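Peer 1: Each number in the working numbering corresponds to the 1-based position in the sequence shown with 19 added.
Source of the hints: derived by calculation from the structure; they are not laboratory data.
Mixed in with the good hints, there may be bad ones.
Straight-line alpha carbon distances no greater than 20 Å define the calculated EDC-like cross-link-like pairs of lysine to aspartate or glutamate that follow [said to hold, decoys possible]: (1) K51 to D64; (2) K51 to D25; (3) K51 to D33; (4) K51 to E73.
Remember, predicted model here, so these are calculated numbers, not experimental data.
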Amino acid sequence: MHYACDHLHLRSRDAVAAASFYIATFGAREVKRVGTDPVQRVVLDLGGLAVFIEQAPAEIAPAATTPCLGIEHVGLRVADIEAAMADLTARGVTVRTGITERGPGLRIAFVEGPDGALIEILERTSV
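Model the full assembly from the supplied sequences, consistent with the hints where possible.
Peer 2: Pasting the structure below:
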């Protein structure tokens, strides 16, 4: 059996605003919108990963505080973590943890996305 990643599904109180964040901040590209007034879902391409952002009704509980069980964060790889974090900070993105060394050739930081989504920024170098 072969499995392949198809998509990441997020829920948001404001799917259009959340999509705008991923577009402006990480260079995602909007692929399509499903439904109107309000939109039901915005579909993005984020570096080759399909991201579905669904408009969540008011009764949906907010995201769990991390660390938590289940899917905790999405990781985005960059070539230069210092430049990426400087860019994100300049854009006003909330930094959860600054750059840390996690082992030979791996440096990470965490930022916060819409609706409390945790996003890891990581740089891998060959050792």
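Peer 1: Mind checking the alpha carbons of K51 and D25 for me, to see if they're no more than 20 Å apart?
Peer 2: 16 Å, holds
Peer 1: Holds or violated: K51 and E73, Cα atoms, limit 20 Å.
Peer 2: 12 Å, holds
Peer 1: Within a Cα-Cα threshold of 20 Å, do K51 and D33 meet the stated pairing?
Peer 2: 16 Å, holds
Peer 1: Between the alpha carbons of K51 and D64, is the straight-line distance 20 Å or under?
Peer 2: Cα-Cα ~10 Å, so holds.
Hint violations for this structure: none, all hints satisfied.
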